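Protein sequences, first through last, are from chains A and B. To convert, take the position in the first sequence, counting from 1, and add 42; that gives our numbering. To convert, take the position in the second sequence, counting from 1, and add 444; that gives our numbering.
No lab work stands behind these hints, which were simulated from the structure alone. Treat the numbers as computed from the prediction; the structure is a model and nothing was measured. Backbone N, C-alpha and C define an ideal beta-carbon position, used for all residues, glycine too. The reader is advised that the hints may include incorrect statements.
Unchecked claim - Each pair of labels, with its calculated beta carbon distance range: (1) B:Gly493 / A:Val579: 29 to 35 Å; (2) B:Arg525 / A:Thr536: 40 to 46 Å; (3) B:Arg525 / A:Val570: 30 to 36 Å; (4) A:Pro539 / B:Gly493: 44 to 50 Å; (5) A:Val579 / B:Gly688: 33 to 39 Å; (6) A:Val570 / B:Asn785: 55 to 61 Å; (7) B:Arg635 / A:Pro471: 16 to 22 Å; (8) B:Gly811 / A:Pro539: 44 to 50 Å; (9) B:Ser770 / A:Ala363: 41 to 47 Å; (10) A:Ala363 / B:Arg549: 40 to 46 Å; (11) B:Arg745 / A:Ala363: 45 to 51 Å; (12) A:Thr469 / B:Ala552: 25 to 31 Å.
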Amino acid sequence: MNCERAQAAISERMDGERLPGRVAAAVDAHAVGCTSCRAFAERAAELRSAVRIRPAERIPDLMEPIMAQVARSTPPGRRFGGRPDRERWLRPIAAALLVGVVAGSVIVGGPWQSGGTRTTATAVDVGRGVRAAARHVEAYHAVFAITERGLSIDVPTRSLEAQLWFSAPGRYRLDVRDTTSYPSEAWTPTDLTYVQDGDATLRSGPSGCPSSLPPTRCPPTRTVTQERSPYAGAATSVADLVVPLDVLANPRGLAVERTGTVLGRPAVLVRMSFARAAPLFPFLQLGGTWRPFYEGDRVELWVDAADWSPLRWTVYPSQDATRAAWEMRFGRPSESPAIPILDVIATQSDHLRPTADRFALAGAAPQVPLDDLAARLGFHPVTPAATNELVLTGAAAPPTGRGSLQSVLTYSSGLTYLRVGERHRWTSPQPFGPVSADAEQVQVGEGVAYYEPAAGDLGRRLSIHTSDTNIYLETNLPRDQLLAVAASLPLTGTELPVAWRVQHGGDARTELLTLAQAKAGTSFGFDVPGTLPGGYVLASVQRAVVRGVQSVTLDLRQRDSDLGAGPIRIHLEAADALPPAASAHQITVPLGAVEARWIPAQARLEWVADGIYRSVDGPGIDLGTLAAVASSIEASA
Amino acid sequence: MRTGPKAGVAGALLAGLVIGATATIAIQSRALEPARPGRGVGTDPVVPGPPERPDTFLAWTPNGLPPDFGARVEALPDIARVTVVAEDNTWLVRSTTDAGDVADRPPAPYMIPIDAAAVDTRTFADFLPMPDRNITVALARGEGVLGTTSAELRGLGPGATLTFDTGTDVRIAAVLPDELVGAAELLVSRRTGRRIGVHTDRYILLQPSTARLPTSARLTRRLRPLLPSTLDPVDRKVQVRAPGETPYFRQGDAVLPPVLLKSLFGEFAARPVPGDPGYLQVDPRWVDTHIVTVTIPVLGRVTCNRALMPQLRGAMQELDERGLASLIHTYNGCYVPRFINRIPTASISHHTWGVAFDCNAATNPFGSPTHQDARLVEILRRWGFTWGGDFIVPDGNHFEYRRPSAG
Chain A
43 MNCERAQAAI SERMDGERLP GRVAAAVDAH AVGCTSCRAF AERAAELRSA VRIRPAERIP
103 DLMEPIMAQV ARSTPPGRRF GGRPDRERWL RPIAAALLVG VVAGSVIVGG PWQSGGTRTT
163 ATAVDVGRGV RAAARHVEAY HAVFAITERG LSIDVPTRSL EAQLWFSAPG RYRLDVRDTT
223 SYPSEAWTPT DLTYVQDGDA TLRSGPSGCP SSLPPTRCPP TRTVTQERSP YAGAATSVAD
283 LVVPLDVLAN PRGLAVERTG TVLGRPAVLV RMSFARAAPL FPFLQLGGTW RPFYEGDRVE
343 LWVDAADWSP LRWTVYPSQD ATRAAWEMRF GRPSESPAIP ILDVIATQSD HLRPTADRFA
403 LAGAAPQVPL DDLAARLGFH PVTPAATNEL VLTGAAAPPT GRGSLQSVLT YSSGLTYLRV
463 GERHRWTSPQ PFGPVSADAE QVQVGEGVAY YEPAAGDLGR RLSIHTSDTN IYLETNLPRD
523 QLLAVAASLP LTGTELPVAW RVQHGGDART ELLTLAQAKA GTSFGFDVPG TLPGGYVLAS
583 VQRAVVRGVQ SVTLDLRQRD SDLGAGPIRI HLEAADALPP AASAHQITVP LGAVEARWIP
643 AQARLEWVAD GIYRSVDGPG IDLGTLAAVA SSIEASA
Chain B
445 MRTGPKAGVA GALLAGLVIG ATATIAIQSR ALEPARPGRG VGTDPVVPGP PERPDTFLAW
505 TPNGLPPDFG ARVEALPDIA RVTVVAEDNT WLVRSTTDAG DVADRPPAPY MIPIDAAAVD
565 TRTFADFLPM PDRNITVALA RGEGVLGTTS AELRGLGPGA TLTFDTGTDV RIAAVLPDEL
625 VGAAELLVSR RTGRRIGVHT DRYILLQPST ARLPTSARLT RRLRPLLPST LDPVDRKVQV
685 RAPGETPYFR QGDAVLPPVL LKSLFGEFAA RPVPGDPGYL QVDPRWVDTH IVTVTIPVLG
745 RVTCNRALMP QLRGAMQELD ERGLASLIHT YNGCYVPRFI NRIPTASISH HTWGVAFDCN
805 AATNPFGSPT HQDARLVEIL RRWGFTWGGD FIVPDGNHFE YRRPSAG
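Could you put the whole structure together from the sequences, leaning on the hints where they help?
Listed below in structure tokens is the structure:
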């Protein structure tokens, strides 16, 4: 009996199903020793009770508000897809269908489980909803009230107001005004401004000076980037404040808890970790002073069931034991998991198009016509034949810092974007763009390319290397659509040069190989685990020889996004015993016939069997899931 | 038309209920792909066993390790492995991203101080988790590793290049968690370290070979006799730590590492004062924006980092309100840009950030028994200041920022 089966059986029993005696006994025996399943049962009972007692109130209550809200919130002249009459008729039906899906899923007990390992029907449906909304949203304005707790003893609570404007294509503005009453002038209010107009951005924040210092002496920090290069990692994205596409498009790590009404609007509650919800907090990256947050802290997000805008999101301290080590490192006091430490509420919103002056950026470089761009570059940038209905909205030639020339073309529709960068001269021993050498090699047309899922402020990325040029694509389109766009480019990608894939240092050597190559030349047997969380694929295989000892490392990446749960790394190496325990906390867990070591701080499960050391690392992934992956490695050994 | 939408909505709601329930049950039953048939491993619940005691220790001595200390420790019969880590301040003059874009270019003649550690890649590998040991290949090639906080501070990652005042370029091969690099900003090989100015052995990591693991106190007693008898009695001390006893395995672990000070209080560019290299000349623009002189209760006029002032003011107000102001006889300074003990080869003093202050220096000189009142120490500790009286070489007049106030 494993957790998956036990929890399914617990659900069935709560629904009144009679379990066979043998199964019931196994479930009970399992639950005695499994804190995760006991917690599951308790939460399930609580929520089930809430749903059962008031189902007739909760679900029908949503129908009229949804219809009324949809009617109210569609401003005159607002058009999605150019078919207003048909759409107006369809939208309440679509909203009701969604509410039904959520409610149906809740009733059978599964979708609201935590743990980050499940792909639920409702989470999938939420993903579809936000993807559709993101493609069609043309304009947005919202005001958010932000309450932060626990910055310091002198300032236990802070209040800030944020205003967001969006106008397609690619224009954003976020203003944050700190309305906190500070105890003295030594404190610096966190007033921030972020403006993006295509490839030009402006970031302005406090300098760290107290408010008593005149602005002439201590002006705010101000950073203007006129043309973003393909290395846009430093760029901040505020797009998820319009529609949380990055957060919700990938269902992994999301738990859709229930439906309800928030701020008078029909809404869906989604729960996730702070790391998973990072794109909802762009203001934390813009400067000023903010309290720290633990990546495992719990975020509850209410999202509008009609237009998919975020209505309210709240951060609660995690109960995770590893938070204590984090608190020690940051010198933080222990915090109650019941008291929110950050709360963001949308107090008003509309879809009226802001005036252009909201996004005025002094010194922003004008867009360059495509033909002029070719003249500036000395080559004509390659363009995809298929862009998935996105239209060309920008063309630029940002400086490279190395004297060579590069182009960046931007295609967009609503919040959805595709950037295509190209540089002819590229000598760094890794793929062009923010794509690592151990990225997943994928087939694109007749050639190959190197793919990485979305992570941080970067979208899904693809790097293509040819003997003549280097191409970089970045998008928030789904992976399959990105590959289709890449396949329409008029070129054929080649494998990375050997010199980029093989490295020597002293008497040691590392090399990136295909799975078949690595299997053929390694002294011990291995394979891709038979059990993997949904959405993970083998990205790369590295073989190394260090001090004469051969090892193999498999990197498994999510297909779409690294948010909340990073790559799974599997390492195998000839060894007789585990290395010395080096972390402050590590525990022994059974893994079939062997004992494994679980190191929570590194999210690593490691063990030795038959003279081979094996480890599974999975940041953001729970022990139960990693144990299942580890078990399948053992089973295939 | 009036009943059409309502009927449609009701139908859609019903259809949604069925779809949601069916799909959820289907997906619940196969959230994980099934394991292959095998030895039946992994169907048991994960019931954690007892905690495992860590068996890796840190040992360091004041002002750097004595020569051959690592070898002496390794020669002990019950020690399995030792690696010696050198760490010094180095001077960064330029950094570029992997695309060649300039990330740091401090205005001449100033340079950015970088806390860099250097290791013997062969012995250090044993102290890395096995999956991370491949990084020693890049270190042996002359490349470097950034700690996580360092990478975030600089906005740099793999492929970036750091250029030092010695003219040496170090390409970044990877970013590792701070705890794996002792919270250093940059980790390089011994050879590369010598080229950028890392010479001083600071601490060792060791793993005992005995089945019965020693405690930190027992190990301290084992290591202390290995210190040369010629050492000054003040320096003839060794500090041993086990994981969990200190946030990071590094020397001087009672105070924050430089990379965290930079994150909290800002990063400056500076240079040793010509003709007086124990002191630093800090970029005046940084001083203008980060160092301020204000009046603080009990202490009077104080020149410190702006960000420290609320905490310092709070501590002194409490001291005053509790009638304990008389416990501070003299205030002896806060912002002083210099190296520790004014020794140019030492680390940069935290007074340079303006986050440490001295008081009652006459009765609590460096290296001597301390005479601070316990109530003063307790109040300041609660307001987030660590006390130098607890240092391995006591510095009873010294208090410095360690964490936010706990109230």
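So, going through the hints one by one against the coordinates:
1. B:Gly493 / A:Val579: 29 to 35 Å: 33 Å, holds
2. B:Arg525 / A:Thr536: 40 to 46 Å: 44 Å, holds
3. B:Arg525 / A:Val570: 30 to 36 Å: Check passed, 33 Å falls within 30 to 36 Å.
4. A:Pro539 / B:Gly493: 44 to 50 Å: Once the Cβ atoms are compared, 48 Å apart, the range 44 to 50 Å for B:Gly493 and A:Pro539 holds.
5. A:Val579 / B:Gly688: 33 to 39 Å: 37 Å, holds
6. A:Val570 / B:Asn785: 55 to 61 Å: With Cβ atoms ~56 Å apart, the hint holds.
7. B:Arg635 / A:Pro471: 16 to 22 Å: Since the Cβ atoms of B:Arg635 and A:Pro471 sit about 21 Å apart, the hinted range of 16 to 22 Å holds.
8. B:Gly811 / A:Pro539: 44 to 50 Å: Given about 58 Å between the Cβ atoms, the range is violated.
9. B:Ser770 / A:Ala363: 41 to 47 Å: 44 Å, holds
10. A:Ala363 / B:Arg549: 40 to 46 Å: 44 Å, holds
11. B:Arg745 / A:Ala363: 45 to 51 Å: 46 Å, holds
12. A:Thr469 / B:Ala552: 25 to 31 Å: 28 Å, holds
Violation of the numbered hints given earlier is confined to hint 8; every other hint is satisfied by the structure.
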